[in-house]
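Novice: Spelled out, the chains give:
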Amino acid sequence: MSTTLLWWGLAALTLAGAAVVLLTREMMRMIIGLGAFLLGIAGLYAWFGFGLLAVAELFVYVGGVLVLFLLAITAMGRDSDSRAIARHFDIGAAVICAGLAVALVLALQGLLPASGPVAGVTVEKTADALLGAWLPQFEIAGVVLLAGLAAALAIVQGGDDE
Amino acid sequence: MTTLVLACVIVAAGLYGVLSRRDLVAVLASVEVMLGGASLLLVAYAAAGAAPAAGQGYALFVLAVGAAEAAVGIALLVSLVRRGRSRTDQIREVRG
Numbered sequence: 001m002s003t004t005l006l007w008w009g010l011a012a013l014t015l016a017g018a019a020v021v022l023l024t025r026e027m028m029r030m031i032i033g034l035g036a037f038l039l040g041i042a043g044l045y046a047w048f049g050f051g052l053l054a055v056a057e058l059f060v061y062v063g064g065v066l067v068l069f070l071l072a073i074t075a076m077g078r079d080s081d082s083r084a085i086a087r088h089f090d091i092g093a094a095v096i097c098a099g100l101a102v103a104l105v106l107a108l109q110g111l112l113p114a115s116g117p118v119a120g121v122t123v124e125k126t127a128d129a130l131l132g133a134w135l136p137q138f139e140i141a142g143v144v145l146l147a148g149l150a151a152a153l154a155i156v157q158g159g160d161d162e
Numbered sequence: 163m164t165t166l167v168l169a170c171v172i173v174a175a176g177l178y179g180v181l182s183r184r185d186l187v188a189v190l191a192s193v194e195v196m197l198g199g200a201s202l203l204l205v206a207y208a209a210a211g212a213a214p215a216a217g218q219g220y221a222l223f224v225l226a227v228g229a230a231e232a233a234v235g236i237a238l239l240v241s242l243v244r245r246g247r248s249r250t251d252q253i254r255e256v257r258g
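First to last, the protein sequences are chains A and B. Be aware that the first sequence starts at 1, since it is given in our numbering, and climbs by one per residue. Be aware that the second sequence starts at 163, since it is given in our numbering, and climbs by one per residue.
A few of these clues could be false.
[As the list claims (entries may be wrong)] To give an idea of the chain B side of the interface with chain A (calculated C-beta under 7 Å), a few residues:
hint, residue
1, 196
2, 215
3, 219
4, 229
5, 232
[Unchecked claim] With the Cβ distance kept under 7 Å, some of the chain B side facing chain A (calculated, not the full set):
hint, residue
6, 166
7, 175
8, 243
It is worth saying that the hints were derived from the structure and are not from the lab. Keep in mind it's a predicted model, so treat the numbers as computed, not measured. All residues carry an ideal CB built from backbone N, CA and C; glycine is no exception.
Isolated chain A (complex conformation) (with noise of 0.2 Å):
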């Protein structure tokens, strides 16, 4: 019962933070409801039994790219008047999404089995994994990151030469 409220809770913030990332019009705002949406995120993977993946997110997400959007509106350097959003309903758009939003479930609900919380989903047995019959992509992964670093660096430096 207390798993099952706990469930329900963090998928409270996580649709809360959606929300306020899709609505707001004030851009630190929307960075709090993104780190909002994120730490439900996170909590919902720790629910599920997966501490390493919730640790990572954490670090990686909430630790890391959050900040980075916080520098980045630092450095554009905008001020309090222009950090407003446009806004506006597109009921297009909201259409097309309802649609999606059905077709995956109706597409997906056969393939997934009832899942609840896991047990035994240890770091060890995840390092096995990674470093064991995973490890060509592993390797990838590292690769890709690195390359998104380099890309990064570029991109940016690229804006100061003209």
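Given chain A's structure and the hints, the job is docking chain B onto it.
Specialist: Structure of chain B alone, referenced to chain A:
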């Protein structure tokens, strides 16, 4: 089933943000919302599967690629804002 509905709603909500928002920061944040929903669905599948540890490793890959995507996206954003373009409707051309 509830996790499936939650993840699909999150993905659709993120897509709505990508389609309807004009500010580049808001579009990038909406992409992060979509990615979170997709990752949640992946984790739910991993939890229901026979090898949840492998599923956790797979989700870590998605997390790493998502972080790289966010870094490149924010770099593009800063570069565009320096040229005075912070909205999607101000970007009409690409080079190369």
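Novice: Taking the hints in turn, state whether each one holds.
Specialist: Verification of the supplied hints:
With 7 Å as the threshold, the beta carbon of residue 196 of chain B stays out of range of chain A, its nearest partner Cβ sitting at about 10 Å, so the hint is violated. The criterion of a C-beta within 7 Å of any C-beta in chain A is met by residue 215 of chain B, whose closest approach is roughly 4 Å, and the hint holds. Given hint, residue 219 of chain B at the interface with chain A, holds; its Cβ is 4 Å from that chain's nearest Cβ, closer than 7 Å. The interface hint given for residue 229 of chain B is met, as the beta carbon of that residue sits about 5 Å from the closest beta carbon of chain A, less than 7 Å.
Because the smallest distance between the Cβ of residue 232 of chain B and any Cβ of chain A comes to about 5 Å, under 7 Å, the interface hint for this residue holds. For the restraint placing residue 166 of chain B at the interface with chain A, the shortest Cβ-Cβ distance is roughly 5 Å, inside the 7 Å limit, so the hint holds. Look at residue 175 of chain B: its Cβ gets to within about 5 Å of chain A, closer than 7 Å, so that hint holds up. Taken as an interface hint, residue 243 of chain B checks out: its beta carbon lies about 5 Å from the nearest beta carbon of chain A, inside 7 Å.
When the structure is compared with the earlier hints, a violation turns up for hint 1 alone.
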